[in-house]
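Residue numbers (the working numbering), protein chains in the order written: chain A, 136 to 455; chain B, 620 to 834.
Be aware that a few hints might be false.
Straight-line C-alpha distance at most 27 Å; calculated DSS-like pairs for lysine-lysine [claimed, not checked]: (1) LYS350(A) with LYS333(A); (2) LYS400(A) with LYS387(A); (3) LYS214(A) with LYS694(B); (4) LYS400(A) with LYS694(B); (5) LYS347(A) with LYS318(A); (6) LYS387(A) with LYS437(A); (7) LYS694(B) with LYS423(A); (8) LYS694(B) with LYS734(B); (9) LYS387(A) with LYS694(B); (10) LYS350(A) with LYS318(A).
Ranges between beta-carbon positions, derived for each pair [claimed, not checked]: (11) ALA440(A) with THR758(B): 50 to 56 Å; (12) THR755(B) with ARG178(A): 28 to 34 Å; (13) LEU699(B) with ASN397(A): 32 to 38 Å.
Simulated from the structure, these hints should not be mistaken for laboratory data. Just so you know, even glycine gets a beta-carbon here, dropped at the ideal spot from N, CA and C.
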Amino acid sequence: MADNTSNGNLSTFNTSSLRLKLGLAEMLKGGVIMDVMNVEQARIAEEAGAISVMALERVPAMIRAEGGVARMANPKLIKEIMASVTIPVMAKARIGHFAEAQVLQQLGVDFIDESEVLTPADEVYHIDKHAFATPFVCGARNLGEALRRIAEGAALIRTKGEPGTGDVVHAVQHMRQIVREIKALTVLCDEELYNAAKVHGAPYELVRMVAKAGKLPVPNFSAGGIATPADAALMMQLGAETVFVGSGIFMKERATPLDVENNPKEREEAVSRARAIVIATTHFNNPKIVAEASEAVTGTMKGLAAAAIEERDLMQTRGW
Amino acid sequence: MGTPLGGGGTDNTMNQPATTRPLTIGVLALQGAYEAHAQALTTLGATARLVRLPADLAGLDGLIMPGGESTTMLKFLERLDFFDTLQDFVSATPTFGTCAGAILLARNVEHPAQKSLGVLDITVERNAYGRQIDSTILTAPTSLPGGPLEMVFIRAPRITRTGSHVEILATRDGFPVLVREGHLLAATFHPELSADTRIHQLFIDIIRQQSSPSL
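If we strip away everything but chain B, and leave its shape as in the complex, we get (with noise of 0.2 Å):
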């Protein structure tokens, strides 16, 4: 993979390939559940840095787009060139987006329409389930080993549309809730608020897989 934005150098692990050395993945932090990825990601055994401003973005191997309130994290995007800086890291590095960062990563938003990075071929409506009356908990089988999976569902969206390149891994009522289209992952749920890891681990597999030559 290499790193599109570079190393700095001085980090001697960054050169070794991403398959072996510790990774280090940045947490989206211009607000919402980032301190529950970090702890998720450290848990794992994955350096989490927190990314407030486009240079926080240089040297990582995958981000996380946590949720929160996709209308706030956009007013940040729009300044500081972040939108685009953004935009260009998400299109070449790992990136996987949880609610509002599922938002954010979608190629269509609707109800109501809204900017988006567009680089994930996937329609999302925002707020689709109704109020926090509405948030729930579900527990259902997925395609992932292991058994079924427990997903919190908050304010969530609906995916309402994937393209054909997109590999539905979870659903709800028929919708997908888990989502990949080679390096980018999205859910609608919340597994950083569960103390199952096992999407966590997928995302750092799929960071493994995407820096290996042969694949």
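Just chain A, same shape as in the assembly (with noise of 0.2 Å):
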């Protein structure tokens, strides 16, 4: 990271709050960031190891579920769950809502997530997140898409794939992709590096960076249908530097929590499998490991085939 840093090109990439956005984003690398709803979801997933917790009022799956406009969490909730854990607590803006950011950001949140998963609030603009102290994380599908948020000032990259179903194929669709996009930029020359930014339609420098790098100026996380310890250690062998987990852990049904408040046998399991994928997510590539934690989980999300979703209820299309 740092020679990203030092020897980059574009001149925001030396300034020290994207310095320090960048920071925290390597930190957070080779772990488990998982959702969570309420103060008991936080407590669990930090014993179980997760590196940072998500704050939101429903995790993908209730919202795909439940319909409706989902926007940024009640702060109230965000201010609970961070007082009550002493890992990063990360919450999510609509996508161009910066005055949702700006609340965020107000609440002291270690990081925001301008997400797919919430309603968008614009359809042309994202947020400038050169104009916020709080580091951002954003998905992306593809290199391009992934190029352009940087360059509004993302200091963390997650692979969209499909919210809220428990399917991995289209997190796996979307690393693939980037992964290959990257490659194929590493052996072309100057000049047609300048159209690949068009192709991309990214900023040229970004392009010129990863071409010399072969890497994302930014980590680049996995996020969108993993639930098993198994779908974490293949993501991480595609190149994903840590996983987001959100409905897999504390999902029951389709639509319905694991009652870890009053239940203690549902509580354990949202424990197993919260554990189970924090230790397959270091161990990633360490079959024995990942098959012992498998075995250590019991019960797992239901799930929903991401081939059976109408395009017009896709999450992972939002955003430009």
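Given two chains presented individually in distinct reference frames, assemble the corresponding complex, making use of the accompanying hints.
Structure below.
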């Protein structure tokens, strides 16, 4: 990371503000970030070894099932969760909704996710993330989308996958696509890079940085459909540097969460899933340990095949 | 020094003193900024080995415990007898802890209290400067040669007490941020996020010193 920040040609990559944002992203590598909807879930996540929690009112599986407009979580909930754990706390703002992001920065959350899981607030513009001291993570399905978000100031990219499904197929597709597009850039000569910038719809300086380094100038995590220890190991082997797990840990049926507050057996199930995914993420290249972790899991999210979702109901197509 | 866990005999370089041969330094890779540290070590000519299991410690000349989340790292150390093996290792082998790694090395951890390896005689207060919004980059003089040092603080802990044998090499607002006690080095900032390699070089010098019979 140090070489990216010190040798980068893009002037914004030398600002202390962006270096601090990238610094926290660096600390989050090799771990699991878990969606949590209440204090008890946040405590379970921390106990299980999550490196960070994402505070939200409904996980994507519930948003998908219940419909309506999905917005930033109530600040009261976010503050309660921030007070209950010592690990970094993230929260989501709607795409383009810079006022929600201002509120989240005011609350002191450690990372803001400008997320397609929530209902977009702007159909053209994403948030100018350079205007904030709090770091941002954004979703991407391909290299061009990732670089547009980085140009706007994102300090961390996560491939989108299809949230709330428990189906890893689109997380795989998006990670493979970004890795393939990065590899393709590394063999191009200078005049080809100008054209590549046009093709990807991304700033030339960023395209050139990626071509030289063979990787994104910010960490690249994976999200959207990761539900089992083996899913996490798969995404890490495909190039993810950390995984986000949403509905996969705390959901029972499609739109019903495990009752971790009142039912000890269901609490234990959530703990077993959370712990197993954490272990599999660190030991992603050790199938023996991934097997042991998988064996310790009681129950798995039922899930929804991504191929069965109507095009208009996809969350991943939000963002431009 | 010798290698407490043995070097496996097949590698001839292991029998040479660590003052001259290339060093193999481990980076605890349970989670966190391990890649950035590995890159810094490689730049300085050392071989970096990622350590995820107790067996990975065998034959190392030194170990870096990186920044990240100390609570997460502890969960892994509590499995597979890793905690005891690591405690034995760091008691005898040069080890450098940054941020979360410094927390793990400390004798006492506060805010909240937390289990630690307890080998370095300091007390550390976690997240003492606040949240990410309070993270900062400072450039200040230290007791190292070569002028002021850039120090990147990310959700940093604070060293609130140092034992009588602990040497303070740099401070921030009167509190130590870089300390050394014999073969142990700890920083509450992140030298792996700066281009300046002096801190990693200092750790390599400590390894060479510790293995030299005259010292």
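Verification of the supplied hints:
As the CA atoms of LYS350(A) and LYS333(A) are separated by approximately 19 Å, the hinted pair is consistent with the 27 Å bound. Of the pairs offered as hints, the one joining LYS400(A) and LYS387(A) holds, with about 12 Å between alpha carbons and a cut-off of 27 Å not exceeded. For the given pair, LYS214(A) sits about 25 Å from LYS694(B) by alpha-carbon distance, which is consistent with the 27 Å threshold. A hinted pair counts as satisfied when its Cα atoms are at most 27 Å apart, and LYS400(A) with LYS694(B) qualifies at roughly 22 Å.
For the hint pairing LYS347(A) with LYS318(A), the CA-to-CA distance comes to about 10 Å; that is within 27 Å, so the pair holds. Between LYS387(A) and LYS437(A) the alpha-carbon distance is near 7 Å, which keeps this suggested pair within the 27 Å criterion. Between LYS694(B) and LYS423(A) the alpha-carbon distance is near 19 Å, which keeps this suggested pair within the 27 Å criterion. Our distance criterion of 27 Å between C-alpha atoms is met by LYS694(B) and LYS734(B), whose separation comes to about 11 Å.
At most 27 Å may separate the alpha-carbon atoms for a hinted pair to count; LYS387(A) and LYS694(B) meet this at roughly 25 Å. Note on LYS350(A) and LYS318(A): the hinted pairing holds, with a Cα-Cα distance of about 8 Å set against a maximum of 27 Å. With their beta carbons about 54 Å apart, ALA440(A) and THR758(B) fall inside the hinted range of 50 to 56 Å. Range check, THR755(B) to ARG178(A): about 29 Å between beta-carbon atoms, so the 28 to 34 Å window is met.
Under the hint 32 to 38 Å, the C-beta atoms of LEU699(B) and ASN397(A), about 33 Å apart, fit the expected range.
In summary, the structure agrees with every hint in the numbered list given earlier.
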